[in-house]
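Protein chains: 2
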Amino acid sequence: MFGFELQAVCPETGARAGVLHTAHGDVETPVFMPVGTQAAVKGVLARDLIHDLDAKIILGNTYHLFLRPGHETVRQLGGLHKFMAWPRAILTDSGGFQVFSLDALRKVTDEGVLFRSHLNGDPHLFTPESTIDVQLALGSDIMMVLDECLAYPASHEAARVSMKRTVSWARAGYGHYRERTEADRRSAAGQRPAPLCFPIVQGSMYGDLRRECTEQLLERGAGGYAIGGLSVGEPRALSLEMTEVTTALLPRDKPRYAMGVGMPEELPQYVARGVDMMDCVLPSRDARNGRLYTSEGRVSIKQAQYKDDAAPLDARCGCYTCSNFSRAYLRHLFLAGEISYCTLATLHNLRRYLDIMREIRQAILIGEFPEYLKTVNSR
Amino acid sequence: MFGFELQAVCPETGARAGVLHTAHGDVETPVFMPVGTQAAVKGVLARDLIHDLDAKIILGNTYHLFLRPGHETVRQLGGLHKFMAWPRAILTDSGGFQVFSLDALRKVTDEGVLFRSHLNGDPHLFTPESTIDVQLALGSDIMMVLDECLAYPASHEAARVSMKRTVSWARAGYGHYRERTEADRRSAAGQRPAPLCFPIVQGSMYGDLRRECTEQLLERGAGGYAIGGLSVGEPRALSLEMTEVTTALLPRDKPRYAMGVGMPEELPQYVARGVDMMDCVLPSRDARNGRLYTSEGRVSIKQAQYKDDAAPLDARCGCYTCSNFSRAYLRHLFLAGEISYCTLATLHNLRRYLDIMREIRQAILIGEFPEYLKTVNSR
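Quick note, the sequences are listed as chains A and B, same order. Heads up, the first sequence is in my numbering, so the first residue is -4 and it goes up one at a time. Heads up, the second sequence is in my numbering, so the first residue is -4 and it goes up one at a time.
Simulated from the structure, these hints should not be mistaken for lab results. Treat the hints with care, as some may be off.
Note that identical chains are pooled: a pair holds if it fits in a single copy or bridges any two copies.
As the list claims (entries may be wrong) - Under the rule of at most 16 Å between Cα atoms (straight-line distance), these lysine to aspartate or glutamate pairs were calculated in the EDC-like manner:
| id | residue 1 | residue 2 |
| --- | --- | --- |
| 1 | Lys159 | Glu210 |
| 2 | Lys77 | Asp304 |
| 3 | Lys369 | Glu214 |
| 4 | Lys77 | Asp303 |
| 5 | Lys302 | Glu67 |
| 6 | Lys369 | Asp304 |
| 7 | Lys302 | Asp98 |
| 8 | Lys159 | Asp303 |
| 9 | Lys302 | Glu239 |
| 10 | Lys297 | Glu239 |
| 11 | Lys249 | Glu0 |
Between the sequences and the hints, there should be enough to build the whole structure, so can you do that?
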């Protein structure tokens, strides 16, 4: 009932279709996970994520939830699922990515990372163990171990030192996860199956370091593996190369999660390199900023050309926005600064991402993924 | 099929229950109309207004829609109903209230009111005829004639002059409405019944002027009457007195609309004075600002006392927000500045208003409105 079930593999590319079984339902892969940073996907209600998008899994950010409302508060209120009225699966990141974006506000030691809250400057320490504890308090279905996320570019030496630290933290974090969840299993409260925990492959843009990191993380035999340190400013070819180097070494029967990717046209590229899971704030952030994705390309909705445009944003899209409203109406709401604009735009952009993922999955299942890839590459 | 049908009148107070038949469905009265200023009720989707709130009528602001996106644009796109995917009734104001709020940017003459757009400073003229044309282009179900809305306090003489102008504008505007809609009825396109048009009673806080204005407006035999110039800073007792003075003279068989009122506890007070229709931005604006209405009184959701509060906002409320989320979650979303907070809070506050109106209507229909009024007065 738990774990990952592989349903089809594209013999030409290695793209995979599967099902990830979680305590909060099955997740069909490859999957794109909408980002619910602060216990909410910005602009979209939990019920809309279910009824409009049929999202099976969303992401929560450990760093943000740790600071506000606090993981203990969430735990007391019944966990993140109940708190945000989201009955399906939740993946939480380790908090590492956000902490390493704080720059001036942090200090890394072998023990962990000291940082100051971006909200009020309070000092906090994240250790491999403490971030697991936070994610357990939140009630995450799929947790990440603490990793160090390097800026791009980084020297080989800096990347090697950092990768070693990530491996060491992964050992500590994963060990702590095993202990904590075994204790849970023995306790009276532990009626629910334990969540999964993924170590994160780092190594900057160096293939040898990525390979070394992957091999060392494999020793633990985790339930899945994440590929971190991508989309940090590097050329896209390099992100894809690092992904390929990593997935080549990862076990076939475990899910692979490429963190923080990608653009709509990149989704099939990552899948073609053996990735099963992705997340990105792009569709929701771009929606709010007026950048909308359609089956015919991008639309910048504020442009004057849409002033009287009675056509839907994307005639081929079945979302609430495209079924009911014109481009002219969306442009009007955008210019007027109406809150509903954010909701309608985000609903559409997320639907577009999820539709692309469903197309990809279908193509893999019926053995036509190479053709699908050719079609999208030629666009 | 059109017009207003009275179903019950409270013999003690004069409170009325009825049905207003429009080209876009029946509206049960007394009714509170959510405000959709710029072709959207802030924070709430059209479908939520239907499925969550069962709102039968909403309000659009002529001034705002005239400026952006422009009434001709809305007309070309099929009218306001289609533009905003709202299949039910729409009432539009005359634009007068907004223009008279512009202060430095306007000049009143007998012809109409010259004003500058708050968006870009462009000069525009609203006349009694032009504002009818704008509302016809929008496709409103219930239009208002242009009125002059005085600030409070005003001298008797200033109020008299202004009231006279309002009456003169009402004659011109209503005459234009009759002409325009008769022409429509004769044309091939005019398959749909004509919209209603309400003159607006003014007269500041002077009973004699209110009476004089009402009597003069009655000459036209309009489909309904609005009471304007309330909620402009006067004591509430005075607003209610002016309402009572006016409704006493209005025909029994036509709907009465008190513009821009009121607080939740005031709703039954206006109904007790013979008012059938109300609107106010308060429930939606207060929602966004963290002021929530419950059956037990007001809640300021940002307060620390709600930090760990697992209870719903209002245990007696059946809205999506109260059925699924805790006060702690709403407080978290508010503090985090999440867009979804606005949606959840507005859904609740509007539901509270509409529930109050349904309670009031039910009490009138079963002959228990005086008891209902006693109960709410004693709270």
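So, going through the hints one by one against the coordinates:
1. Lys159 to Glu210: within (12 Å within a copy, 88 Å between copies)
2. Lys77 to Asp304: between (42 Å within a copy, 13 Å between copies)
3. Lys369 to Glu214: Neither way: Lys369 and Glu214 sit 37 Å apart in one copy and 74 Å across, limit 16 Å.
4. Lys77 to Asp303: between (43 Å within a copy, 13 Å between copies)
5. Lys302 to Glu67: So Lys302 and Glu67 pass the 16 Å test across copies only (12 Å; inside, 49 Å).
6. Lys369 to Asp304: neither (32 Å within a copy, 54 Å between copies)
7. Lys302 to Asp98: Neither. Shortest intra-copy (42 Å) and inter-copy (30 Å) distances fail the 16 Å Cα cut-off.
8. Lys159 to Asp303: For Lys159 and Asp303, neither the intra-copy (58 Å) nor the inter-copy (40 Å) Cα distance is at most 16 Å.
9. Lys302 to Glu239: Neither: 44 Å inside a copy, 46 Å across copies.
10. Lys297 to Glu239: neither (38 Å within a copy, 48 Å between copies)
11. Lys249 to Glu0: within (8 Å within a copy, 68 Å between copies)
Hints 3, 6, 7, 8, 9, 10 from the list above are not met by this structure, while the remaining hints are.
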